[in-house]
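Visitor: For reference, the chains in residue letters:
2 protein chains.
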Amino acid sequence: VITGELADAFASKKEGICSIASSVDSVFARPYYLNVRGQFTRQIAESEASLYAASNWAASAAFVSQRVSDCIFVDLGSTTCDVIPIRDGKPAATTTDFERLRERELIYTGALRTNIATILRHVTLNGEKYRLASELFAIAADAHRVLGNISAEEYTCETPDAQPRDLQHCYRRIARVLLCDVDELGRKNARDVARQVERAQVDELAQALAFQARKHDLKAVVGAGLGEFLIAKAASKVRLECSLLSQQYSKTLSKVFPAFAVANLAHDAFQR
Amino acid sequence: VITGELADAFASKKEGICSIASSVDSVFARPYYLNVRGQFTRQIAESEASLYAASNWAASAAFVSQRVSDCIFVDLGSTTCDVIPIRDGKPAATTTDFERLRERELIYTGALRTNIATILRHVTLNGEKYRLASELFAIAADAHRVLGNISAEEYTCETPDAQPRDLQHCYRRIARVLLCDVDELGRKNARDVARQVERAQVDELAQALAFQARKHDLKAVVGAGLGEFLIAKAASKVRLECSLLSQQYSKTLSKVFPAFAVANLAHDAFQR
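Quick mapping for you: the protein sequence lines, in order, are chains P and C. Residue 65 is where the first sequence starts when you use my numbering, and the numbers rise one by one after that. Residue 65 is where the second sequence starts when you use my numbering, and the numbers rise one by one after that.
For the record, the hints were derived by calculation from the structure and aren't laboratory data. Note that this is a predicted model, so its numbers are computed, not measured. Some hints could be false.
As the list makes no split between identical chains, a pair holds if one copy fits it or if it spans any two.
To be verified - List of simulated lysine to any residue pairs, SDA-like, C-alpha gap at most 25 Å: (1) K193 - A274; (2) K252 - F162; (3) K193 - E268; (4) K154 - N99; (5) K193 - R166; (6) K279 - L189; (7) K301 - R185; (8) K297 - S307; (9) K193 - L211; (10) K279 - T105; (11) K252 - T159; (12) K193 - T143; (13) K252 - R166; (14) K279 - G153; (15) K193 - L115; (16) K301 - A109; (17) K78 - D245.
Let the sequences and hints guide you as you build the complete structure.
Guide: Below, the structure is given as structure tokens:
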């Protein structure tokens with residue numbers, strides 16, 4: 065499954081897909097590629113390159129749909145959140161990222177890398193509303209770290225200020241979003257900012273879940289990814305059943321679920 | 065006037081102010097510093113460092129208040145927008161950035177550097193709502209360039225993808241915020257995204273102007289900075305008179321107004 069085609073280095077998604085596939089072809093003897101329809105192919109025809117863009121969610125959805133015939137599959141990772149309706153044992157999602165942004169199947173918010181200034185424009189502290197600074201000063205990982213939603217080891221991405229990931233620096237980064245030093249803002253207020261970040265992420269996902277549940281008449285959520293804690297809260301908010309893949313498999317597998325899924329799909333397709 | 069104290073390199077604003085002042089002291093024989101009260105001092109006492117943080121707006125406000133006794137002075141630059149009420153010939157603004165974010169005296173939005181994903185979370189295209197990608201894919205300069213609000217020469221900041229500043233690349237960056245190639249999104253839709261960026265910036269500023277006009281009983285706006293075009297639209301939206309410093313002085317002076325203002329203040333303070 066290919067997901068790197070949006071990198072700055074490529075002028076277009078097609079160029080990205082073809083360049084990545086060409087590198088893979090030069091290294092591996094017999095690679096297979098999974099497209100967004102859940103099909104494996106030996107090569108990527110240039111005219112079909114778009115079918116291979118951002119296909120990691122398709123692997124997970126194909127795998128889950130073989131096991132749970134009706135559910136909303138949600139994978140909330142470091143950067144994005146896939147919300148895939150599965151109906152009668154088949155993924156019922158659109159295919160391009162552009163369509164997915166429209167259908168609330170792709171919520172571009174994550175548990176680690178997301179710039180807090182893209183999640184909130186204002187926070188309310190002690191009853192007063194404050195505008196945030198629109199820089200890359202703090203990320204979701206800083207908020208979830210001070211709330212105890214993720215462990216120190218789970219803060220795996222780079223920090224926006226190239227400073228350490230310890231709690232003290234997480235607080236410092238959050239304070240900076242209000243152009244404050246930590247002493248000026250106070251740790252209590254910083255945690256309040258973090259709670260508002262979490263609430264905004266949960267609310268957006270909850271709305272998407274309610275939308276998919278209504279659209280496809282679905283009642284259950286299957287969650288994966290290091291942001292499972294946000295999925296559980298969002299599902300609870302709109303009263304949908306929720307099961308988490310970290311409980312069914314393991315936390316490690318849940319976090320790399322597209323890789324686990326594509327390995328299983330390949331095993332089924334080629335080994336029997 | 066000091067404005068660099070928020071840089072990643074400094075653990076606190078105090079450290080930033082003291083470090084910058086110490087460098088300046090080592091290079092210049094007899095420097096003077098302007099604080100947020102509009103006073104020049106020969107040195108910065110460590111205990112008063114906070115009075116020198118983000119003081120460039122104070123220079124402009126002190127200068128303008130000597131010429132226009134009652135107005136809302138607005139300086140919209142590459143990154144931020146200062147909204148300073150001037151009443152009875154005196155700046156009536158708060159002093160710290162934290163207070164300024166609360167009082168709508170500092171709107172952290174600019175005409176060039178601002179990440180589009182911090183300005184909008186959704187756009188509406190052909191009646192459909194699309195969620196944006198929360199990356200640093202495109203900036204306000206890309207939007208204002210395709211709208212013709214700024215010239216090629218006025219796009220003076222770095223591009224987020226380290227690619228050229230020409231129109232073709234501006235369109236490409238805007239399309240990317242919707243995870244699209246330009247062909248996929250279409251140039252017409254890209255301009256529509258740009259218009260929604262402009263509208264969001266104008267609306268936010270218009271609300272701040274209306275708030276200040278009410279709070280301090282003010283009726284006129286004096287605008288400066290390369291984002292004067294946004295100030296004029298915002299003032300018009302809330303029916304406030306608006307004069308622009310590019311017309312009174314020149315476009316070049318308007319863009320570097322804090323420097324022009326502090327030079328004039330220093331001339332008045334020390335030359336007579």
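Visitor: Have a look at K301 and A109 and pick one of within, between, both or neither, based on CA distance no larger than 25 Å.
Guide: For K301 and A109, neither the intra-copy (44 Å) nor the inter-copy (52 Å) Cα distance is at most 25 Å.
Visitor: For K154 vs N99, is the C-alpha pair at or below 25 Å within one copy, between two copies, both, or neither?
Guide: So K154 and N99 pass the 25 Å test inside one copy only (15 Å; across, 65 Å).
Visitor: Reference check for the pair K252 and T159, CA-CA at most 25 Å: within, between, both, or neither?
Guide: between (43 Å within a copy, 23 Å between copies)
Visitor: Can you tell me if K252 and F162 fall within 25 Å by alpha carbon in one copy, between copies, both or neither?
Guide: So K252 and F162 pass the 25 Å test across copies only (16 Å; inside, 39 Å).
Visitor: If the cutoff is 25 Å on CA atoms, where do K279 and L189 land: within, between, both or neither? Let me know, please.
Guide: Classified as between; 21 Å across copies, 37 Å inside a copy.
Visitor: Treating 25 Å as the Cα threshold, decide for K193 and E268: within, between, both or neither.
Guide: both (20 Å within a copy, 14 Å between copies)
Visitor: Which holds for K193 with A274 at a C-alpha limit of 25 Å: within a copy, between copies, both or neither?
Guide: Between. Shortest inter-copy distance 16 Å satisfies the 25 Å Cα cut-off; intra-copy 29 Å does not.
Visitor: How would you label the pair K193, L211 (within, between, both, or neither) given a Cα cut-off of 25 Å?
Guide: within (21 Å within a copy, 32 Å between copies)
Visitor: With identical chains treated as interchangeable, where does the CA-CA distance between K252 and R166 reach 25 Å or less: within a copy, between copies, both, or neither?
Guide: Result: close only across copies, 18 Å inter versus 37 Å intra.
Visitor: Is it within, between, both, or neither for K301 and R185, if the alpha carbons may be no more than 25 Å apart?
Guide: Both ways: K301 and R185 sit 23 Å apart in one copy and 22 Å across, limit 25 Å.
Visitor: Can you give me the call for K279 and T105, within, between, both or neither, at a CA distance of at most 25 Å?
Guide: neither (32 Å within a copy, 66 Å between copies)
Visitor: From the Cα coordinates, with 25 Å as the cut-off, is the pair K78 and D245 best called within, between, both, or neither?
Guide: between (45 Å within a copy, 9 Å between copies)
The structure fails to meet hints 10 and 16 from the earlier list, while all remaining hints are met.
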